[in-house]
Amino acid sequence: GDKVKQSPSALSLQEGTNSALRCNFSIAATTVQWFLQNPRGSLINLFYLVPGTKENGRLKSTFNSKESYSTLHIRDAQLEDSGTYFCAAEGYTGGLSGKLTFGEGTQVTVIS
Amino acid sequence: EAAVTQSPRSKVAVTGGKVTLSCHQTNNHDYMYWYRQDTGHGLRLIHYSYVADSTEKGDIPDGYKASRPSQENFSLILELASLSQTAVYFCASSGLGVYEQYFGPGTRLTVL
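Line by line, the protein sequences are chains B and Y.
Numbering follows my numbering, with no gaps: position 38 of the first sequence is 742.
Numbering follows my numbering, with no gaps: position 43 of the second sequence is 84.
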């Protein structure tokens, strides 16, 4: 639910433009993962983050644990970037579990 | 080659019937997870396991059982299926320490 809040809930992007998605956490997140659920329903792992920044092609993600947020930047959007983007946080549980809490997702539509 | 597979890919069950969903991974991962996704929402953790012959409750375990007979296999069991359990079910696996999760293709379950 609101433990991981994603914004915006939906986004329409012109091909070739840039945009940013955001996740705010009300739990003490230790790691963050970003996934893309494509139109066929498959979940693709984009990033696994400890506090810091990672970049992969046209995607860049930052996790700031002190301020409890993460961002995903899409540069030069392409049609194949369309889908629903989920962030998920692993909260501190006092032990090792890998338990993730998911946000509700941002639905991204790239238009030509 | 898909490293996390699920069977069946879709199933129609009757209310009160027993349903077993199966997951197999070839990632040599210690951790396995079962999530459900309701239409238009994020994923919620049902059960997970970090070693064969042991399972742990996730955030929404009521109405579900899990079984981990081997490192590679993890099943989700609905003893008495109910209408509210209509959803898409995803299995995932991750290693120990770095809990980057890799998902199967999902099983669409419809309970009538």
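Careful, some of the hints might be misleading.
Think about it this way: if two alpha-carbon atoms lie no more than 27 angstroms apart in a straight line, the pair counts; the simulated BS3-like pairs of lysine-lysine are [claimed, not checked]:
1. Y:Lys59 <-> Y:Lys106
2. Y:Lys52 <-> Y:Lys98
3. B:Lys707 <-> B:Lys758
4. Y:Lys98 <-> B:Lys709
5. Y:Lys106 <-> B:Lys707
6. B:Lys707 <-> B:Lys770
7. B:Lys707 <-> Y:Lys98
8. B:Lys709 <-> B:Lys770
9. B:Lys770 <-> B:Lys758
10. B:Lys709 <-> B:Lys764
11. B:Lys803 <-> Y:Lys98
12. Y:Lys98 <-> Y:Lys59
13. B:Lys707 <-> B:Lys803
14. B:Lys803 <-> Y:Lys106
15. B:Lys770 <-> B:Lys803
Because the hints were derived from the structure by calculation, they are not lab data.
Results for each hint:
1. Y:Lys59 <-> Y:Lys106: Judged against 27 angstroms, a Cα distance of about 11 angstroms means the pair holds.
2. Y:Lys52 <-> Y:Lys98: The given pair, whose Cα atoms are some 24 angstroms apart, holds under the 27 angstroms limit.
3. B:Lys707 <-> B:Lys758: Holds, because 23 angstroms separates the two Cα atoms, which is no more than 27 angstroms.
4. Y:Lys98 <-> B:Lys709: The hint holds at about 23 angstroms.
5. Y:Lys106 <-> B:Lys707: holds (25 angstroms)
6. B:Lys707 <-> B:Lys770: holds (16 angstroms)
7. B:Lys707 <-> Y:Lys98: holds (19 angstroms)
8. B:Lys709 <-> B:Lys770: holds (16 angstroms)
9. B:Lys770 <-> B:Lys758: holds (17 angstroms)
10. B:Lys709 <-> B:Lys764: holds (19 angstroms)
11. B:Lys803 <-> Y:Lys98: holds (10 angstroms)
12. Y:Lys98 <-> Y:Lys59: Satisfied, since the Cα-Cα distance of roughly 20 angstroms is no more than 27 angstroms.
13. B:Lys707 <-> B:Lys803: Given pair Lys707 (chain B), Lys803 (chain B) holds - Cα atoms ~13 angstroms apart, limit 27 angstroms.
14. B:Lys803 <-> Y:Lys106: holds (17 angstroms)
15. B:Lys770 <-> B:Lys803: holds (20 angstroms)
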